[in-house]
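Student: Residue numbers are given in the UniProt record's numbering: position 222 of the sequence shown equals residue 222, and the series is strictly consecutive.
Keep in mind that a hint or two might mislead.
Cut-off 30 angstroms, straight-line C-alpha distance, at most; resulting in silico cross-link-like pairs (DSS-like, lysine-lysine) [what the hints assert, rightly or not]:
1) Lys-176 <-> Lys-146
2) Lys-76 <-> Lys-146
3) Lys-76 <-> Lys-42
4) Lys-146 <-> Lys-90
5) Lys-261 <-> Lys-110
6) Lys-90 <-> Lys-276
7) Lys-261 <-> Lys-42
8) Lys-42 <-> Lys-176
These aren't lab readings, by the way, just hints derived from the structure by calculation.
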Amino acid sequence: MKVDKRLAVQRGYNNCELSKEKKKKQKKNKKKKSSMPKVVQKLYETCKQVFAEGGADFVPSPEDIERLRSVLDSMKPANVGLTPDMPYFKATETEETPLVTYLHLYECDKFSIGIFCLPPSGVIPLHNHPHMTVFSKLLFGSMHIKSYDWVADRPSSANESVSSSYLPSPGIHLAKIHIDSDFTAPCDTSILFPASGGNMHCFTALTSCAVLDVLGPPYSDSEGRHCSYYNDFPYATFSGDTRLLPEEDRQGHAWLEEREKPDNFIVDGAMYTGPKIVET
């Protein structure tokens, strides 16, 4: 918050006559204001260091993961210029499916930073993050997250590959549920990896909410990092699938089928108006 010097003049003070206590408050408020842009800048600089050697399938070291997670965990909506009363977070009565808004902060060939703004009942459908490590920070609001990882081996025998004869039909593959829970800010940053951690996930807004995403590296069709979408089916949907898993494990698995991007999923790009990132 900025201290308006005119108030001091109106009350019969000048800069020399301000008490030590008032000067201290003024300095504190000035410091608070000046720190706002630094949070976004620190995020950028940390990403630049963490993903410096990055590329497809790159996973940062545990130390770097914690360093970036710590920066994201500390972020608040105000740090990126967001408030829940902005138009992005309001669903209109004429929309059958609420519009999702994307705010672009930064992108290079190593990483990208952006914010998804969802009104209540907004959905980001089930999709993947091929060859990427992704950090997601819920800035405010509540959402349901469901995520999956592919099952490469039969859970009952790690040395036996899943034979195509066990699959219900071509294009449908077995996945294990990683997360199926509600989250409310403030909460810890979630992290997914190229082959684990819930690489395929779906977001459903329970209230208006905002999610800040860091992708390393970003999507790139030319480099084989294309975003794919999926339908998911309960494990018991297909006949014959009982041969794959013991009964006690079936609730934790599902079948995924790749699909085209849903027609009703519309992402509207909007201008990011928060503190700017200065490239270094």
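Student: Provide an ascending list of the numbers of those earlier hints which the structure does not satisfy.
Tutor: 7 and 8
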